[in-house]
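Chain A is already provided as a structure; the job is to place chain B on it using the hints.
2 protein chains.
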Amino acid sequence: MQFKFHMPTKAYFGEGCVIQNGSELAGFGDKAIIVTGGKSARASGALDDVCSVLTQNHIDFTIFDKVENNPSTNTVKEGGNAARQAGARFVIGIGGGSPLDAAKAVAVLAVNDIEPLQLFENKFANKPLPIVAIPTTAGTGSEVTPYSILTRNDIKTKVSFGTPDTFPAVAFLDPRYTESQPAEVTVNTAIDALSHNIEGYLGKRSTPVSEILALEGIRLFGSCMESLHSRKFSSQDRADLLYASMLGGMVISHTGTTIVHGAGYNYTYFKGVPHGKANGYLMAEYLRFNYGHAREKIDRLLAVMGLTGIDEFDTFILSLTGKPPRLSDEEIAEYAAITMKQRSTASNIRTVQAADLENIYRNVQR
Amino acid sequence: MQFKFHMPTKAYFGEGCVIQNGSELAGFGDKAIIVTGGKSARASGALDDVCSVLTQNHIDFTIFDKVENNPSTNTVKEGGNAARQAGARFVIGIGGGSPLDAAKAVAVLAVNDIEPLQLFENKFANKPLPIVAIPTTAGTGSEVTPYSILTRNDIKTKVSFGTPDTFPAVAFLDPRYTESQPAEVTVNTAIDALSHNIEGYLGKRSTPVSEILALEGIRLFGSCMESLHSRKFSSQDRADLLYASMLGGMVISHTGTTIVHGAGYNYTYFKGVPHGKANGYLMAEYLRFNYGHAREKIDRLLAVMGLTGIDEFDTFILSLTGKPPRLSDEEIAEYAAITMKQRSTASNIRTVQAADLENIYRNVQR
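Residue numbers (the working numbering), protein chains in the order written: chain A, 1 to 366; chain B, 367 to 732.
If you are wondering where the hints come from, they were derived from the structure by calculation, not from laboratory data.
Please note that a few of the clues may not be correct.
As the list claims (entries may be wrong) - Partial selection, computed: residues in chain B whose CB lies under 10 angstroms from chain A:
1. P374
2. I521
3. Y609
4. M616
Built from N, CA and C at the ideal position, the CB exists for glycine as well.
Excised from the complex, chain A in its bound form (with noise of 0.2 angstroms):
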């Protein structure tokens, strides 16, 4: 047995946290910047409630609102100028991954003077500013990771940076700043909160630790299958979705992600598709793949949300996500090329070629 834990964040999870615990924010500094998208922030009344604290704690912000679904590199730079041009002494992330993954690099822009590129250097001259990170949605599990997920138009794909100094100091989790979401938002976000948990816990770097975290945000994923069906979430249904989510992140945070994040990141960067329901096809495909190198576990996993076999699994995810959307030979094998290049790829469990890919992107849309 070898193995580290590091998990650094610390996390408030409940109705009312940000209020409740607002004094956090005063040992950052006396000047904030919040990150957003601009609509599920306000929508939310995350936004409402962080100003009220940091007013109520003297604290001074201004607002960049500017983070687009799945931010680009462009996007950051100017995110890191606002926040350098503020004098910001912290980062504040309200919303879904794209608005927490974009905080973490103007954490990192508004002390270095580097370009975005550089960032998946991963190593920076200058301590980031501290990040405080509130989900707004319950899938990404960002505001418990080190992870900065950006769009680079350079080569076609999502990449991931991130180090030990890029956790969130602090993370606030209200399950009802979900409830504006969407309910297609609830769903596809759960799908990317499972594919975190089970990617962790069926990856090579898997740990000890990160497997209990990741089987209970199965189990909670599995209570939540009939809401999700149904697409109706009590606040209970809110709260497990979220701290399944949240145990996703720390999950990813020590063993990372897999081929279910490195193939699917190719439907939403040349086909628009939201992340979740981007993992959520190749899903089934990725258990059956892996099966004779990790019988057992998946038998335990499916067994936690009370599912018989792939196949049923396949039913259910199939009926949230509908079917993909159809590739030609080309796209699947230029998207088979593009995934090898993830590191995340190295991780799996099995060894992955590119044909592996292929396969696996045929049967998806079979």
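Relative to the frame of chain A, chain B by itself:
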């Protein structure tokens, strides 16, 4: 669902983890003080490994090896002075719970000119020195908790202090370091780890994350029951027990302990009984006392250990600890009164009166 998760210690687990990750120490400064009890640190090989990586990383060091079992406030005062005189920039604790807890107090006193009794006020003008913790027993979990438990002769018991700043920055858990301990110590410390996991699991401050960590720790103890009984330990047992101990530490960092610890301290303070064994005397009665208030959880933790009921648990633990020393009625009344003053008594799932504690002490010696 309302909870906080905070576990900032970076933990490396596995054989050879000090040597493999010694460069972690380089960031803390050029002068260390090693705090130990003098025996287990040397016998285990841990001190050699630490000196070797310190030398490799050009870090000067002094050794303070005067920590006794259940360290007194006087000892940590002396350690604090030694650290200050040496100009130590960080503190490395090596040993069982006593040296690790003393190391935390030394880290505070080295940079705060206060009397040891002021430690318990938990407010320090200057941030404690960074702490590195290396356990040589599998029980305390102190390597991943902020707690330092010291013996206070003024109120005749052991009391803890700790703030988020007394979490070790880094912990190295090498199961081989526990091999040089007498079997008796392995058994007693394993019971301590079990009591952390069980008290945390059942206590009022239990959280969703601490529950799953605790159940895993309890399961691991269960998997070592035969070895504990025969007092023969494989490498796998050593690793499992050290991991269970680490999980117990992560658990009580969130939940604190309850009446097993509070009541057990009296056997240690007044009768010289080792800490884990003292807890062992009380655990079955503790489960009986709480059964009506936590039936489902107690059934579950027994099942996880492969046991059918509290009686079977009782018989097993008794086979490890032997009978407790007989207490007079006066002693029972005094011990109960002291336990009532422990803060942790309020965290017990069932409200506790002095008469309840007296009953528990009485039932234990039937």
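Hint check:
For B:P374, the suggested interface contact is upheld, since its CB lies about 5 angstroms from the closest CB of chain A, less than 10 angstroms. Taken as an interface hint, B:I521 does not check out: its beta carbon lies about 32 angstroms from the nearest beta carbon of chain A, beyond 10 angstroms. Proximity of B:Y609 to chain A holds as hinted, the smallest CB-CB distance being about 6 angstroms (cut-off 10 angstroms). The criterion of a C-beta within 10 angstroms of any C-beta in chain A is met by B:M616, whose closest approach is roughly 8 angstroms, and the hint holds.
In this structure, the one hint that does not hold is number 2.
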